[in-house]
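**Q** Spelled out, the chains give:
2 protein chains.
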Amino acid sequence: MKPFARLRWCVSRPTLRSIPSRLPPPRCTALHQRLRNYTTENTEDEMGKDKDKEKSNFQLKVPKGTKDWEGKDMVIRDKIFGAITEVFKRHGAVTIDTPVFELKEILSGKYGEDSKLIYDLADQGGELCSLRYDLTVPFARWLAMNSSVQSIKRYHIAKVYRRDQPAMTKGRMREFYQCDFDIAGVYDPMLPDAEIIRITCEIFEALGWHGRYTIKINHRKILDGIFQVCGVPTDKLRTISSAVDKLDKTPWEEVRREMTEEKGLDPEVADRIGEFVVQKGGRPLLDNLRQNQQLQSNESAKAGLADMDLLFTYLQSFSVLDRVSLDMSLARGLDYYTGVIYEVITEGSAPQTREGQKVQQAAKKESKSSKHDGEEDRSNDPSVGVGSVAAGGRYDNLVSMFSGKQQIPCVGISFGVDRIFSITKQRLNADASSIPIRTNEVDVYVMAFGGKGFDGLLPQRMEVAKRLWDAGIKAEFSWKVKPKLPAQFKAAEVNGVPFALILGEDELAAGKCKIKEMGLADGHPEKEGVMIEMADLETEVKERLGRQGGSPAGVANGVAGMSLEEARDAPKTS
Amino acid sequence: MKPFARLRWCVSRPTLRSIPSRLPPPRCTALHQRLRNYTTENTEDEMGKDKDKEKSNFQLKVPKGTKDWEGKDMVIRDKIFGAITEVFKRHGAVTIDTPVFELKEILSGKYGEDSKLIYDLADQGGELCSLRYDLTVPFARWLAMNSSVQSIKRYHIAKVYRRDQPAMTKGRMREFYQCDFDIAGVYDPMLPDAEIIRITCEIFEALGWHGRYTIKINHRKILDGIFQVCGVPTDKLRTISSAVDKLDKTPWEEVRREMTEEKGLDPEVADRIGEFVVQKGGRPLLDNLRQNQQLQSNESAKAGLADMDLLFTYLQSFSVLDRVSLDMSLARGLDYYTGVIYEVITEGSAPQTREGQKVQQAAKKESKSSKHDGEEDRSNDPSVGVGSVAAGGRYDNLVSMFSGKQQIPCVGISFGVDRIFSITKQRLNADASSIPIRTNEVDVYVMAFGGKGFDGLLPQRMEVAKRLWDAGIKAEFSWKVKPKLPAQFKAAEVNGVPFALILGEDELAAGKCKIKEMGLADGHPEKEGVMIEMADLETEVKERLGRQGGSPAGVANGVAGMSLEEARDAPKTS
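Protein chains in written order, with the working numbering: chain L, 1215 to 1788; chain P, 1215 to 1788.
It cannot be assumed that every hint is accurate.
As the list makes no split between identical chains, a pair holds if one copy fits it or if it spans any two.
Okay, derived cross-link-like pairs now, EDC-like style, lysine to aspartate or glutamate, Cα gap no bigger than 16 Å in a straight line [stated by the list, open to error]:
1. Lys1680 x Glu1419
2. Lys1275 x Asp1311
3. Lys1303 x Glu1655
4. Lys1373 x Asp1311
5. Lys1373 x Glu1300
6. Lys1330 x Asp1378
7. Lys1275 x Glu1341
8. Lys1756 x Glu1655
9. Lys1275 x Glu1319
No lab work stands behind these hints: they were computed from the structure.
Can you build the whole structure from these sequences, using the hints too?
**A** In C-alpha cells form, the structure reads like this:
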C-alpha cells in the first residue's frame, strides 16, 4: 500500500504547488500542506488529528459541475427514466450495468481531442483507471469480452463524467446521465435502424412532447458520396465532414471559409458541396437525390441512398416517417459512425436570445396547430435549429477496435436526459391543466382526534397503518404520541395525500372509522368524510383509490399528465 | 489545464516506477512509458498516434474488484431494487441523488482507519475529490447544506467505492450498491426507530425470505451503561465496545484477551462484562435487565432500557417483535451511533465450511418448520451467526459535524444488496416451484409463415407490431425479410415469450390471424392456437395476457416467485 512512502527527491524549481507526489515534510512546507490534501495513505492519520481545524475550514458544497437531485426535480427525472425504460422494455431490450470506471487504456484513443476531458482516478497503487466518458465504449468493450453474445438489444441508463467547463443552467454538467439503447448483431438491412427511430418517437410521445420534435437524419455513405462527387480528396473526407457538421449553428459562408482557407479545399469543390448540404426534406428530396445520375454513379452514395429508401419504407410502416427530416448538413462529430446517423431536436432547445424566443414561439404555434397531420415535410419548421436531445447512428466497426478480429455491427441512440429534463420541466410549468407533482406517493394519512383526556390513540394508529402496509397501501401517520388534528391535516395536505383515515374513540368502540377524501369542494356530499367499518378498512381504501385514479401505479407512471402548478408552494421535502 | 507541463526535476533515486508526475521524456524511458499511461493532458496526443500498438497491448477486462452485471443476475438485482423501493415508497420516502464523488475534505475524518480505502480522483487541476465511500456521509452533508429541511424520510440506492482487497465471491467488491433508508428530524422517542425495523421486515418478506432472518438489536446507551457499571474507564469505552463487537465471529476468551492484554482492562472488569454480553433474548431478557438495580442506577443504561422498552411495545403494535433479538454483544463499529443499533443476519450468510453448512441446513429446517409462529425468542436460532445483510442505527450528531451548529437527529439502515443478491439467487436455485426468470419481458412474438412464393409478410408484421406497441404491449418480430417459421418459434422460445401471433396470407385476406400460447401441453384444446379477428388484435392479446397472469406488471414485479430453473439453459442474452 505504501511502496513509495520513503522515496526522496530534490526539487530544482521553486514553484511546485499542486504536483501530486510525496516530499519529506521539513523540506518544503507550502508544498507539503498541499500534498497532505492529495495523498491518501501517508496523510490520513495527520488529517484525523487535525479534525477541528478541518471542520472550521470546511467547504460545504458539491464538486464543481455536479449537483444534488432532490424534491420535484428528482420525481420528474425518475418519471422520465421510467417512461424511457418502459419503451425500451416494450421493444424487448435487456439492461447491462458496467462499472463507473474502466481501465484507462480502454478509454484512450476513443474520443479524439475530447480525451483531455476524461476524469482519471488517482494512482493509489494497482491499475490505472478513468471514469467512463460515455456508455457506448463500455458497451463495445463488454461485447468484445463476451464473444458468445452475437446479438443483443441492450439499454443502459447511467451517469457519465466529463471534466468540461460546466454550464449548469444549460445542462452542461461534469456528472450527467445518459440513456442509451443499442442493437448489436447481423440482421437484414435497415430493420434495426428503423426500430431505433420508432423507439425514439415512442419515447418522446411517452414524455408528452406530442410531435414537438424532429428527427434529423442522414447517412455517412451518402455524405461521403456527395463529397467524392464534388471532388473532395479522400484524405480530406473526415475533416470536411466535421466542417459540414457545424452548419446547424454556423452560416454557410463561415463553413465555406473554414473549408477553403483553413482546410485548403478548392473553392469550386466547396461551392458544389454547398449546393448539396443546404437540402432538407422528406420523401421528395430522397427521390430527387436518387434520380441524380452523378450520385447514382458513385458506389457510396448509391448504397447510402438505397439504405435510406428502404429505411423510409419501414418508417412508413411504423407510422413515424412524418417525424423525420432528411438533412444533408447532418454529419455528426464522432468518427466511428458508418451508416445512418440522426439527431433529435425540439424548439425547447433553441437559444434563449430575444430573436431565438420569437422563433421558438412561432415554432410552438406552428407545431401545435399542425401536429399529427401525417406526411408533412418538417424541414422548414422554424423549430429545426440548435441543440439536440438525442443522437446516434450506426457504428459497425467499434467492437472490433477491442476484439481485434470479431466485428459486430451496432446501431444505437443516446438520450440526453438532462436536456430532456429541462425542457419537460419548462413545459410542465407552462401547462396548467396537468396533475400536480407530489414528492412522495403516500395514499392514506392515518389520523386520530378526541376531546378531553384524548391519549393520541397511538397503538390504534399504528395498527391501522400496519394493516394498510400489509395490504400494499402507501400510508403514514404522525410520529407524535398525541398529535393535534390540524397538524395531522396539514402534514397530509403539504404532501398532497389523497385520503385521510380518521380514528376517534367512540367510532373505534363502534368498530368504525372515518375516511375523508382530501380537497373536496365545499358542499360535496362526502366533504366531511364517510363512516366505514374497521373490518373493511383495506377494501374500502383500495376501492376509493381505484375510483380516484390515484392508485399507486396510476400516480407513479406517466410524465405527460404531470404539473408543477398546484403543489408548487409546498416544501420541497416532507 | 496544463499549468505544470513545463516543470523539470532531478531524480535522486533509481526506482521511480509508477510515481504520478511528469518527467522530460529523454531522461528516463521506462518511467516515461509508465507516465504516458498516467497523465492525461500531455500524453493523449501521443497515445492517439500509438493507436495500433495500444490495440495489441490491450487488456480486455474490467478493473479489479468490479464486474459487469448482465442477464439473469441483472434481472434479479433489478427486481430486488424494485421490491426494496416499493417498500420505501409505501412508507412515504422520497429519494435524493448525490454526485458519485464528493470534495475530498467532506469524506476525510469520517471513517477512522478505513479512510485509507477511499478512492481519490487524480489531481487534474481544480478541486480535489474522492469517490463516495457510503451514502450516509453524503446524506448528512446534504442535510447540512439544506438547512430549510428539518425533517425528511429519504432513500438512496446507489454505488459506493472502497479500495479494499476484493473477494468477489464473498460479495466483497470495490464497486458495490448500497440501499439506504434514513429518517431525519425531531419526533417522539422510538417512533421512527420502530418504523425502520418494520420497513426492514417488510423488505425481507417482499424478497421472499419468509421469516428466515433475525434482527439483532442493542442500544449504545445500554452498552455504555453496562461498561460503566462493570467499571470500564471512560476513555476506554469506545475501544472496549469495538472488542465486544467482535463476539459474533470470535469466542469470548479471545475477546477477553484483547480487552485485558491489548487494551489493559482489569480482568475482573472484563469478566463482569462477559456476564452481560453473552445475553440474548426477547422481552424476558429486557424485563430482566430492567429489574437489575445496578443498571437502573446508571443514567445511561436506564435511558437506553426505557427506549428499548418503548421500542418493543411499538414493534409489538407493528407485529414484528418476533423478528427481533436483543443482543448485548452487538456494538457496531462506527463511532457515530448514539442510540439504537441493529444488524440483520440470516442463515444464508453463514460461512461455507462443512461445519457451517451443517449448521446452516439445520437452521434452514428449523426456520422452515417454525416460521410465522409469533412471539418465539429467536436468540438460540442456530442461524444467528456470521455476516449481516443490513445494518444501521441512530446517529444524532453526524449532521452537526458538517453544519457546525445545527443538529438534526437521524436514524437509518443500509441494505447490503450484493449479499442479499447472492442469498436470494441461492434460494431461487434451490426452489424448483418458482416462476422461471426471463431476461427480457416481451409478451408477444409476431411471426409469419407461408408456402411457395412466401414473401415474408414484413410490412404486415411491422404493422401488427406497431399496433401492439401503440397499445403498450411488449412485442418483437424477426429482423429478417423472409424468416423461416422454426427460427421464429425458436427466437420466441429462447426468451420465454408467452404468446405467438402468426400471420398467413390466406388468414390475413380473411381479416384474421392466429394467436398461440407457447408451451401448452400436447392435447390441450388450444395447443395449435386460436384464430382471432385482426380488428380485435389488441383486445384479444390483452385479455389473454391478463388471464395468464403474464401481464407486464405481473411479470415485472415480485422477487418471491422467481426461479432460475426452467430457463437456465437459454442463452444469457437474446
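**Q** Against this structure, judge whether each hint is valid.
**A** Results for each hint:
no., hint, verdict
1, Lys1680 x Glu1419, "between (39 Å within a copy, 14 Å between copies)"
2, Lys1275 x Asp1311, "between (29 Å within a copy, 14 Å between copies)"
3, Lys1303 x Glu1655, "between (24 Å within a copy, 6 Å between copies)"
4, Lys1373 x Asp1311, "both (11 Å within a copy, 11 Å between copies)"
5, Lys1373 x Glu1300, "neither (19 Å within a copy, 23 Å between copies)"
6, Lys1330 x Asp1378, "within (9 Å within a copy, 29 Å between copies)"
7, Lys1275 x Glu1341, "between (30 Å within a copy, 11 Å between copies)"
8, Lys1756 x Glu1655, "within (15 Å within a copy, 28 Å between copies)"
9, Lys1275 x Glu1319, "between (32 Å within a copy, 10 Å between copies)"
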